Amino acid sequence: MHLFAQDLVNGILAGGILAVVALGFSLVWGIMNIINLAHGAFLMLGAYLTYQLFASFHVDPFLSLPISFVVLFALGYLIQTYLINWVARAPILTTFLLTFGLSLLMVNIALIVWTGDQRGVTTAYSGANFTIADVTVPWTKLFTLLAALAITGIMQLWLTRSKTGRAIRATSMDIGAAQLSGVRVAHIYAIVYGLGAGLAGVAGTLISLSYAVNPGMGDPFLIKAFVVCVLGGLGSVEGALIGGLVYGIVEAFATQLDFTIGTQHISGSGLQDAIALVVLLIVLIVRPTGIMGKATA
Amino acid sequence: MQLRPIAALAALALAVGLAAPSGPAAAAGDTIVFGSPVSLTGNLTKEGHLTQEGYELWKNYINAHGGIKVGGKTYKVDIKYYDDESKNDTAAQLAERLIDQDHVNFLLGPYGSGTSFTVAQIAERKKIPMVEGNGAAEKIFNQGFRYTFGVLSPAKRYLEGILQMAKAQKPPAQTVGITAASDAFSQEVAQGAAAWANANGMKVVYNNKYPDTATDVSSIISALKATNPDVILNAGHLQDALLVQKGLKEQNVMARAYGYSVGPDTPDFASSLGKDANDVFGGAQWSDAVKYKGVPGFYQSAQEYAKAIDAAYHHRADYHNAESSAACLAFQYAIQRAGSLDPEKVRDALAKLDVTTFYGIIKFDSRGINLFKPMVVNQIQNGRLTTVWPALTADGKPKYPAPPWGQR
Numbered sequence: 001m002h003l004f005a006q007d008l009v010n011g012i013l014a015g016g017i018l019a020v021v022a023l024g025f026s027l028v029w030g031i032m033n034i035i036n037l038a039h040g041a042f043l044m045l046g047a048y049l050t051y052q053l054f055a056s057f058h059v060d061p062f063l064s065l066p067i068s069f070v071v072l073f074a075l076g077y078l079i080q081t082y083l084i085n086w087v088a089r090a091p092i093l094t095t096f097l098l099t100f101g102l103s104l105l106m107v108n109i110a111l112i113v114w115t116g117d118q119r120g121v122t123t124a125y126s127g128a129n130f131t132i133a134d135v136t137v138p139w140t141k142l143f144t145l146l147a148a149l150a151i152t153g154i155m156q157l158w159l160t161r162s163k164t165g166r167a168i169r170a171t172s173m174d175i176g177a178a179q180l181s182g183v184r185v186a187h188i189y190a191i192v193y194g195l196g197a198g199l200a201g202v203a204g205t206l207i208s209l210s211y212a213v214n215p216g217m218g219d220p221f222l223i224k225a226f227v228v229c230v231l232g233g234l235g236s237v238e239g240a241l242i243g244g245l246v247y248g249i250v251e252a253f254a255t256q257l258d259f260t261i262g263t264q265h266i267s268g269s270g271l272q273d274a275i276a277l278v279v280l281l282i283v284l285i286v287r288p289t290g291i292m293g294k295a296t297a
Numbered sequence: 001m002q003l004r005p006i007a008a009l010a011a012l013a014l015a016v017g018l019a020a021p022s023g024p025a026a027a028a029g030d031t032i033v034f035g036s037p038v039s040l041t042g043n044l045t046k047e048g049h050l051t052q053e054g055y056e057l058w059k060n061y062i063n064a065h066g067g068i069k070v071g072g073k074t075y076k077v078d079i080k081y082y083d084d085e086s087k088n089d090t091a092a093q094l095a096e097r098l099i100d101q102d103h104v105n106f107l108l109g110p111y112g113s114g115t116s117f118t119v120a121q122i123a124e125r126k127k128i129p130m131v132e133g134n135g136a137a138e139k140i141f142n143q144g145f146r147y148t149f150g151v152l153s154p155a156k157r158y159l160e161g162i163l164q165m166a167k168a169q170k171p172p173a174q175t176v177g178i179t180a181a182s183d184a185f186s187q188e189v190a191q192g193a194a195a196w197a198n199a200n201g202m203k204v205v206y207n208n209k210y211p212d213t214a215t216d217v218s219s220i221i222s223a224l225k226a227t228n229p230d231v232i233l234n235a236g237h238l239q240d241a242l243l244v245q246k247g248l249k250e251q252n253v254m255a256r257a258y259g260y261s262v263g264p265d266t267p268d269f270a271s272s273l274g275k276d277a278n279d280v281f282g283g284a285q286w287s288d289a290v291k292y293k294g295v296p297g298f299y300q301s302a303q304e305y306a307k308a309i310d311a312a313y314h315h316r317a318d319y320h321n322a323e324s325s326a327a328c329l330a331f332q333y334a335i336q337r338a339g340s341l342d343p344e345k346v347r348d349a350l351a352k353l354d355v356t357t358f359y360g361i362i363k364f365d366s367r368g369i370n371l372f373k374p375m376v377v378n379q380i381q382n383g384r385l386t387t388v389w390p391a392l393t394a395d396g397k398p399k400y401p402a403p404p405w406g407q408r
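Listed in order, the protein sequences are those of chains A and B. Taking the working numbering, the leading residue of the first sequence gets 1, the next gets one more, and so forth. Taking the working numbering, the leading residue of the second sequence gets 1, the next gets one more, and so forth.
Isolated chain A (complex conformation) (with noise of 0.2 Å):
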């Protein structure tokens, strides 16, 4: 039982996390139809701006979220603006692979910037927990949770309540009429991708409070991110988080799982992933859309 809630624990604090991931991919994949490859990449570079931060000027991890989402924000705005603008109604292997090589050039900027030393952030309050009926929560995790829920609320009354965000949304719905509406398309689709590397960015520096910060550390997210964002629902902000919490349960109960087929021992936990992912399957089976989403057309 003790186990059993511990895991509970562990899975919506690790759910919370990707659940930040996943929402900037999920905004971008679902408003615009581009698969952003470079997503990995803009975490990495908001964990490492963190990581800087950090080391350079004593900054609070928590402290340089803004300055990540922002910085970021304008990252993905410029990109958008001066490259992706250009084949954002191209065929979907054009975003792709122009993402694709935008990731691979930003990895190795970080290469050369930062070299391939793993970086920590590890602060004075780092590993600092508490216990409640024999479960521990570490603190870092809980403030983390925390600011990925505040993140998603925030992001989903700007999306339903702001000018822009409506605009946004009707973007998203109706390119046509939201232009003929007076909505600037471009404009709008760089604002989106800029949400979408602010909020990897964020997640970046949230990460980086646990995980090692390198070049790479991008990519086993960005797959997570892909898998969360379909379990959840395209482009919608609640179902990120419930992708998250969901992908992140299944990989803590994972962990516990052991049985045997025949005189083969097999753990549970060295198949997390395939368990998410057949836990994915199922759900894509029983709703095409994603436990959040909406049927189209």
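Worth flagging that the hints you see were computed from the coordinates, not collected in a lab. All values reported here derive from a predicted model rather than from experimental measurement. Where a beta carbon is used, it is the ideal one built from N, C-alpha and C, also for glycine. Heads up, some of the hints might be wrong.
Computed from the model, here is a short list of chain B residues facing chain A with C-beta under 10 Å [as the list claims (entries may be wrong)]: (1) T45; (2) I68; (3) K69; (4) S86; (5) I99; (6) S182; (7) K225; (8) A226; (9) L243; (10) G247; (11) N252; (12) F269; (13) A277.
Put chain B on the given structure of chain A with help from the hints.
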């Protein structure tokens, strides 16, 4: 039609990024050219760069001292690298390219057991000898390959020393919990440690694996904590070692000793974790405290070697550097003894090689693995890596048991 040039540009950037060789072009004539696919990006980037440093240090030494004498002629050496992105299949493709297109004479191994295994298959097919210093999984050597040689002690030995040490302390450790990444090397390390523990009266209370791309290991740590072992071992690589060590503190897991197969020996471990890295043990192929006296032809002691690494790369020599240079040394002495650059003759000379270097004995069994060199155990003490086991090589005493988190 604005998209075409951009798309072409993107494709070009892609092609350049993937294919750009990071070494000088293969020279002909009086140069022996080695080829190596190595992890310059991907999850083994750091270890890949350390490997490359070990190769480069050797190359620069040899070229500065005239070259290698083969028969009556002296040859300079050159090494051609490609980035395998830490991917097994890519490493194999690049090895093929090094042999077929770049016509390298010999192969130096990539970093890691996975990549070494796929490259070994290419070496075998093309009958080009490879000496590798960074793939310790015995899987590589149990295939009957004739052209692959490894200067490393095998994976199963990595954590044995830490268990021996912990068992010799007061009070002696009796139980052990193991977490391991799912790659071939880490699995062999974990199996070797578990087998040693069982054979020597220690009880393995936990032994489980996580995917080598894991981004969160908190649940496996929760399960490990529930079994309350005296010694906690991790078989993995630097990136997951950092993840595990942070996770252990986050869940306040207390043990008498914490040991890692890869991690503490790399300076990044202590620099990333600060005080939380203290008192951790690492199994190592080599340390700058070992006391071998090598034959002439290269730096002859571990201390001279460490000085040279520090001068060239401004960090403390770690065992990845040393084992990589040792792979080059195996070629150097084998080529000299063969008196020829003929792949077959060099292969035979490698098989018969028996030489002591700054790194220890380099000698291969019939499978091509080096069973003749012992491992050492290091411990991070006050931020500094200290060799603590075996007692003969040690430059310090093990600190045992480990103090609680927050007092390190």
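> Was the hint right that B/L243 lines chain A, CB cutoff 10 Å?
Replying inline: holds, 6 Å
>> Quick check on B/K69 please, does its C-beta sit within 10 Å of some C-beta on chain A?
In response: Violated, about 35 Å.
> For the hint on B/G247, does the least C-beta distance to chain A fall short of 10 Å?
Replying inline: holds, 8 Å
> If you take the shortest Cβ to Cβ gap from B/K225 to chain A, is it below 10 Å?
Replying inline: Since chain A brings a Cβ to about 8 Å from B/K225, closer than 10 Å, the hint holds.
>> For the restraint on B/F269, tell me whether the closest CB of chain A is nearer than 10 Å.
In response: holds, 8 Å
> Does B/A277 pass the interface hint, meaning its C-beta sits closer than 10 Å to a C-beta of chain A?
Replying inline: holds, 9 Å
> Does B/S86 pass the interface check with chain A, least Cβ-Cβ distance below 10 Å?
Replying inline: OK, holds: B/S86 within 10 Å of chain A, min 7 Å.
> For the hint on B/A226, does the least C-beta distance to chain A fall short of 10 Å?
Replying inline: This hint holds: B/A226 lies near chain A, its Cβ roughly 6 Å from the closest one there, short of 10 Å.
> Are B/N252 and chain A close enough, Cβ to Cβ, to be under 10 Å, as the hint says?
Replying inline: holds, 6 Å
> Was the hint right that B/I68 lines chain A, CB cutoff 10 Å?
Replying inline: With a minimum Cβ separation of about 30 Å from chain A (threshold 10 Å), the hint on B/I68 is violated.
> Under the criterion of a CB-CB separation shorter than 10 Å, is B/S182 in contact with chain A as hinted?
Replying inline: holds, 5 Å
>> Would the hint on B/I99 be counted as holding, given a Cβ-Cβ threshold of 10 Å to chain A?
In response: Where the cut-off is 10 Å and the nearest Cβ of chain A is about 26 Å from B/I99, the hint is violated.
Violated hints for the displayed structure, listed by number in ascending order: 2, 3 and 5.
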